[in-house]
Structures are given as C-alpha cells and as structure tokens.
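Colleague: What follows is each chain in one-letter form.
2 protein chains.
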Amino acid sequence: MENKEELDQLRVEKKRLESLLDFGHKVSSRILNLDELLKMIMGETREILDAERCTVFLRDFDSDTLYSKIADGMGSREIRIPLDKGIAGAVARSGEVINIKDAYADERFDTGTDSKTGYVTKTILTCPMKDKMGESIGVFQVLNKRSGVFDTEDERILLLLARQAADAVENAFLYDEQRKMFESFIDTLSDTLDKRDYITAGHSRRVTFFAIKTGEAMKLMKHDIELLKYSSWMHDMGKVGVREHILSKAGKLTDEEFEQIKSHTVFTREILGKIYFKREFRQIPDIAASHHENIDGSGYPRGLKGMAIPFFARIIAVCDVFDALTSKRHYRNPMPILGVLNILKNDVGVKFDPVCVEAFFKINLLDIVRGINLEKVENFVIVSDDEAILQKYILEDFYRVLSSSEFTPAQSMVVESFARYYGK
Amino acid sequence: MENKEELDQLRVEKKRLESLLDFGHKVSSRILNLDELLKMIMGETREILDAERCTVFLRDFDSDTLYSKIADGMGSREIRIPLDKGIAGAVARSGEVINIKDAYADERFDTGTDSKTGYVTKTILTCPMKDKMGESIGVFQVLNKRSGVFDTEDERILLLLARQAADAVENAFLYDEQRKMFESFIDTLSDTLDKRDYITAGHSRRVTFFAIKTGEAMKLMKHDIELLKYSSWMHDMGKVGVREHILSKAGKLTDEEFEQIKSHTVFTREILGKIYFKREFRQIPDIAASHHENIDGSGYPRGLKGMAIPFFARIIAVCDVFDALTSKRHYRNPMPILGVLNILKNDVGVKFDPVCVEAFFKINLLDIVRGINLEKVENFVIVSDDEAILQKYILEDFYRVLSSSEFTPAQSMVVESFARYYGK
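Going down the list, the sequences are from chains A and B. Under the working numbering, the residues of the first sequence are numbered 1 to 424, in order. Under the working numbering, the residues of the second sequence are numbered 1 to 424, in order.
This is chain A alone, in the form it adopts within the complex (with noise of 0.2 Å):
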C-alpha cells in the first residue's frame, strides 16, 4: 500500500521534471522573436501549473516600470505598472515570491484591472525572473489555479519556469541589442561621413535604399538582403581618408587628384577590415570596396573583371551612379532622368552587369521617386493621386515611355507626376 502510493508519488514528479525540461526545451530551441517566445511561454507556464491565466512582465530599466505586451485576456494592449506599484512591483523590487489564496481579500490586490474586464481573480503566484547577475528583469504571474490554490510545490516550478525563460529572453534581448548595436554605429559612420563630406550627405542611405530594392526585385533572402544593406550603407566609407578640398572641388580634377579620390575604395577595404563582423556579414569589407569595378575590368582599385567583382558590389555599382547622377550637386543640377537611365542602359556589359540593370529596371516607379527624395523629410509629401499613378510602373516601362517620340495622356500623366518629385 505504501509502495502504491509511492509509486503515484513517483509518477506525478516525473511527468513534472519531464514537462520542466520539455518546457526548458521549448524556449531554448526557438528562433528568438520576444513577442512569439513570450506567448508560448506564457501558455505552457498556464498548462503546467493549471492556471487559467499567465502574464509574464518585463522590466524597462529606463522608465522603472514593469510592462506585458501580451497578457491573457487584454487583447493587444500593452499594460505598464510602475515599479514601486501593486503585486508585480513589490515582487519585482523584493526578488521574492509572492502567492496570494485569497485576492480580494489581500489588501496588495488592486481590483481595477478586473472591474475593467470583468474577470474574477481568485488566487495569485507572482515570482521574479532573474538574469545571470541575480537582477530581476520581470515577473510571471499565474492566476487562478483550476484545482484550488497554488501550494508550495507551485511556488518551486513557477520559479524554475522563470529561470528558463528568463535565459531565452536574456538571449532574445542580447541579440535584439546586438542588432540596435549594429546599426547605429553603421548610421554613425555613415552620419560622420555625411557631417564631413555635406555635399554628398544622403548618399549612402539613398544608395541602400536602392540596393535594397534591386535585391527584393531578383527576389533575394532576407539574409541576402540584409549584407546587401549593409555593405552599401558603408560603401563610401573610405572617403574619410581624402583630403576635404579634393572631395569638394568643383571643377575638373588633375590626375594626381583623381588618384587620390580612386583611393577611398582602398580606405573602405581598410577600414571596414578593422571592424568584427560576424560571420555571416564578413563579406562586407571586400562587397563595400569592390563598387568601383567595372564588368569589363576598367574599373579600380584592382581592375576586377566580370564574375570576380563580388555580386553584390555590382548591384551597388548601378545605385552608386543612378544616385550621383540624379543628385543635385553645387555646381550642377541633377540630370535629365531619360540621360540617367540611356547612361545606366549604354554602360550595361562595359560598367555595369546586365542582370543587376535589368533588376534595377525593374524597381517600382513610386519607389525610384522615394528613393531619390529619401532624405528631404520635411514638407516632402507625395500626394495620393501621384502615388497611385506612379506605382503602376516599373522603371523598365517608365523608360519606354519617356523613349517613345509621342505620349498618350495616361504616359503624359506618369511623366508629369515623376517630374513633380525630381529635380527639387
């Protein structure tokens, strides 16, 4: 008899420790989106323990509150509670569990929530969710335990549950700020140069605006496109390394000049060769230094020839010259937009790879018109009847039109519409 009973005893406790580490599993193994990590270990922490319902709260450093984006039975609406407020703060501030049998009958309990939506808490297991300094980054409440109250028993399993989520989300938060990181120090560079070289200020950005779209037109991975934002955000780069009256001048360079300007490809190589890419961005370096090559080999600073020009440097090499020539200078005004586009035509097999043209053509006029007013933010508007002329075009056809001897008024209206946003 006693050994029947020890034996339930055993069998309850192991299915436990099996869903913990199915549970540790679980949030270990997914692909980190905080939103979607969150939901499932909210709704496995609710199976566990028999709750009807879980919140898992994180901390923001910055505010000192505590916030819930997805919490049972609120819809989408994010709930902040300030740290030094209600059962969630005083759990967060003190690190200690807290487990309430009766709510309305604890004084700690704030009703409001509840009036607002009609649901009846009964019974509350809120306990902290440390990271690997001891410091709570959250808490994870359970409500309303379906068969009775949450015991002692409870109290040990939602803490381990809390530990191993709060890894996962330690891990999701490291790379969200791996990513923030990442991208503003590139915006910062790119910033440096822009502060340095005004004249070209925007560039960079609009030249990744364009890249990126050339590559959603060959329909490339996100990955894909990822390297190919990055690389063009920071292909001038090596501009840092010439000499600012060179940069600026105006008129025509001596040669000694031109060699000088040739060399900013050289510094971007340098440059970007310091920085620590991880791994799937190493191309960087060498796809950033390479957007002066030349399909046919005429280019610099190596004088690369087809296929040996890295893919992606050649995508930006056809935004690198549809931006200068379509941007306004101080000594000259952009060019007529059908020169542009019989240049970029013209120079297909000598500068420029035809698969990345014909990708490039292929861009949406209503994004080609973004593009080049990328950086005008303010009082700069498209208004919705030129919007929804221009998406209809792709910029293949936008140049067959303005090539053709005559317009039809629907060709007269798309050029008119294109001519409202360039130029200005």
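By construction, these hints were calculated from the structure, which means they are not laboratory data. Computed from a prediction, not measured in an experiment: that's the story for all the values here. One thing to keep in mind: the hints can contain errors.
Heads up, the list lumps identical chains together, so a pair's fine if it works in one copy or across two of them.
In silico DSBU-like cross-links for lysine-lysine, where the CA-CA straight-line distance does not exceed 35 Å [claimed, not checked]:
1. K85 / K222
2. K262 / K376
3. K26 / K101
4. K180 / K195
5. K180 / K278
6. K85 / K274
7. K392 / K362
8. K262 / K180
9. K274 / K424
10. K249 / K26
11. K132 / K219
12. K132 / K39
13. K328 / K219
14. K305 / K274
15. K101 / K222
16. K278 / K85
17. K69 / K274
18. K122 / K180
19. K219 / K130
20. K392 / K376
21. K222 / K362
22. K328 / K85
23. K39 / K222
24. K145 / K15
25. K85 / K4
26. K392 / K345
27. K69 / K195
Add chain B to chain A, keeping to what the hints say.
Modeller: For chain B alone, kept in the frame of chain A given last:
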C-alpha cells in the same frame, strides 16, 4: 514484485531527470566565461554519464575545424581536428550520434592521441551540439563508461546535455561577439578620425591609456574602468564635424575659428547620442562631450561647474591636456615635461578636479613612458635597465625630482632614462 521493479525504475529516472534539470540550471546561470563554462559542462557530463573523460569540441567556421582548449588529460594544449576527419568530424558533418562499443575494433578511431598520452580508449559516445538553426556548432564526446558500454538511454541523455550546453555556449558567443563588435566599431570610429586629423592621430588611444591608468590609481571597479575607457576612446569624435583647414591651422585661430573648434564637443554628443549603447554605457555621450568643461565653470560647451561635470569627464580632461602638451605637433615640439606637469598642478581647482590630478600623478612613470609612446610600434623598445629605473617612480615622485634644484646620482638616472623616451 512488479511494483517494486517499477518503483526502482522510477526512482532512477527521477534522479536522472533531476540531474538534467540541475545541469540546465548550472550551465545557464553562470556568468559567461566560455572556458569556465566548458570546464563545468565537461565535469557535469562526465558525472551524469558515469564516463571517464569528456571533451567538448567547438566548431571554427573560418577554418572548418573542431577545436577544444580544455580536454581531459590534455593539459592546456589545444586540440584541433579538420572537420573532414575522424569521429568528431563525422558527427559534426552528419549531425548524427556515433556510439562505439570497442574503439580499437573500429576503423574510424584514430589511435594517435592514445599513443601520445598513454590513455586507453575503450568506448566512445559522440553527439553533435546544435544551435537554434539546427547547425552543428560543436561536438560532445564521452569516453569509457565506467559500468560497461554506452546504451541508447545514454545517447538520449548526451543529446539532452548537448542541447542545453549549446544554448549556454551560443549565449557566451553572443556576449563575446557583442564585445568584439563594440570594440572594433569604436576603434573604427577613432580610426576614421585619425585618417582625417592626421596631426593628432593616436591622441584618442593615448588619452584612453592614461584615463585607464588614472582610473586604476583610483581603484575604480572593472565595470567603471570600461565605461571610462570607451568614453575616452570617443571623446574627440565630434572633430569629424569641424572643417579640416581649421583643425590643421598652425597659427592663431580667429574667434570664429575657435568657436568652430569648440563645437566639436557638441558634435561628440550628437554623434554618440545616435549610437545604441547598452544600459551600462548610456552615460558615454554625456561623459565624452564634457571633457572641455572646467571645474571653475570657465569651460565649454556648457560652462558646467564642479560636481555638475561628470566625474569621468574630469578624469579625461586631465589626460587630454597631458597628451596634447606632451605630443609633437607639426608647428611645435612637445613641451618640456616639467612645464607640462607644472601646468597640470597650476590648473588644479581652476580647470581640473584635484582628485583627478592627484590620481593622475600616482601613475607609474613606466606607464607614463609607455603611454606617451603608445602608437610607436615600430622599432620602439624600452630597454630593461630603463624599465627597472622608471618603474620605481610614480609621476608625483618624478615631479618632485624634476622640481628640485640638484639631482642625486639616482635622480639623475631616472631623469636620463625618461629623457630617452620623451619628445622623440
């Protein structure tokens, strides 16, 4: 009787599940030093699987090898195996478990290590360690189960352990990558500055060196030294926003030009304000932008006074002036060292915080010499006799020596030693 058997079985299983959960907790709650983490993982795994030895191989994606720094019985020698060789390589490539009951009867087994170390391998269990994308990032290997051969249950457990370890290792890598990326970006930013402002190239790194030494003299904690380090490294970043001809002007600046120079502190705040720093480093822009504030309120850009100036900015201020005066400019030689030190002392309470100057004068003279010559990598050597003499003095003592009217022979020696590395 049946009950008895099931009971025993359940007890064993429960114990095993608990050790697995415990393992998960241990590997995930460690502060992340990869070497320590791996050591702990190997010890626990050996224990849980009752094996004589355990090795964790990590995959080096650059060279396509597996390596292990800490392997049982190998001392601290690194083992490196090409991915296309041996049992570990096969496991990493195929992602499948290999369980060998008799090593010497298996042709895949390489007896080389055994014959080198004298160890006799009998049984081998090897499984892959996969990341969240399902890619093998390493290999887990246990040797010689004490109680016989490894069975399928052992395989299952090793896979579970490997999965938990993979999480922890990935996390450690992530931290490591974040740090590397961060430092390389800062280095790149400061390099872009050096490329343009070649007259003061190396200034940021030298100031950083002196700031760290000052911080150490103050016995600051490791984390604070880091904050100080990154802030000094970037203190002059805003100079990218100042026109080149003003930065490099040799003669006296006009008022307007000086105003432009001053604006570099504003630009520093602006540029660094755009970088996403993690919480511990949020103060960097504020510290970096305040290094020209004077303690008496006569500094710029904000004319902050005393304690209103961030403490670390007050440290940087001292190091900044010290480096400016001890460095060669194209229009002047370094100022004689006594003159430099007199200026620092005279400006205590005017420009400088007394606490910071006092700490600066506690820097060891050998470190001062090293800092001054930090960027002279080629052909720069401090001979060991001088080293021995210099390190007997802190800067304060050296200052007293220099200020005295007559030198003892020992004092003459340090003055001469110092002179050999100053102003070259």
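Colleague: Now look at each hint and say whether the structure bears it out.
Modeller: The hints, checked one at a time:
1. K85 / K222: between (43 Å within a copy, 34 Å between copies)
2. K262 / K376: Cα proximity of K262 and K376: in one copy and across copies (29 Å, 29 Å).
3. K26 / K101: Both. Shortest intra-copy (30 Å) and inter-copy (32 Å) distances satisfy the 35 Å Cα cut-off.
4. K180 / K195: both (22 Å within a copy, 26 Å between copies)
5. K180 / K278: both (14 Å within a copy, 9 Å between copies)
6. K85 / K274: Answer is between; shortest inter-copy Cα gap is 33 Å, intra-copy 48 Å.
7. K392 / K362: Result: close within a single copy only, 12 Å intra versus 72 Å inter.
8. K262 / K180: So K262 and K180 pass the 35 Å test inside a copy (32 Å) and across (30 Å) alike.
9. K274 / K424: Classified as between: cross-chain Cα gap 28 Å, same-chain 39 Å, threshold 35 Å.
10. K249 / K26: neither (60 Å within a copy, 63 Å between copies)
11. K132 / K219: between (41 Å within a copy, 25 Å between copies)
12. K132 / K39: both (22 Å within a copy, 18 Å between copies)
13. K328 / K219: Classified as within; 31 Å inside a copy, 55 Å across copies.
14. K305 / K274: within (26 Å within a copy, 39 Å between copies)
15. K101 / K222: neither (49 Å within a copy, 45 Å between copies)
16. K278 / K85: The answer is between: 26 Å across copies meets 35 Å, while 42 Å in one copy does not.
17. K69 / K274: Between copies, since 26 Å is at most 35 Å while 39 Å is not.
18. K122 / K180: For K122 and K180, neither the intra-copy (41 Å) nor the inter-copy (50 Å) Cα distance is at most 35 Å.
19. K219 / K130: Close across copies (29 Å), not inside one copy (42 Å); limit 35 Å.
20. K392 / K376: Within one copy, since 23 Å is at most 35 Å while 61 Å is not.
21. K222 / K362: Intra 18 Å, inter 54 Å, cutoff 35 Å: intra-copy only.
22. K328 / K85: Answer is neither; intra-copy 56 Å and inter-copy 59 Å both fail.
23. K39 / K222: For K39 and K222, only the intra-copy Cα distance (24 Å) is at most 35 Å; the inter-copy one is 37 Å.
24. K145 / K15: Both. Shortest intra-copy (19 Å) and inter-copy (28 Å) distances satisfy the 35 Å Cα cut-off.
25. K85 / K4: Intra 48 Å, inter 53 Å, cutoff 35 Å: neither.
26. K392 / K345: Answer is within: at 22 Å inside a copy they meet the 35 Å cutoff, but 72 Å across does not.
27. K69 / K195: neither (39 Å within a copy, 46 Å between copies)
The structure fails to meet hints 10, 15, 18, 22, 25, 27 from the earlier list, while all remaining hints are met.
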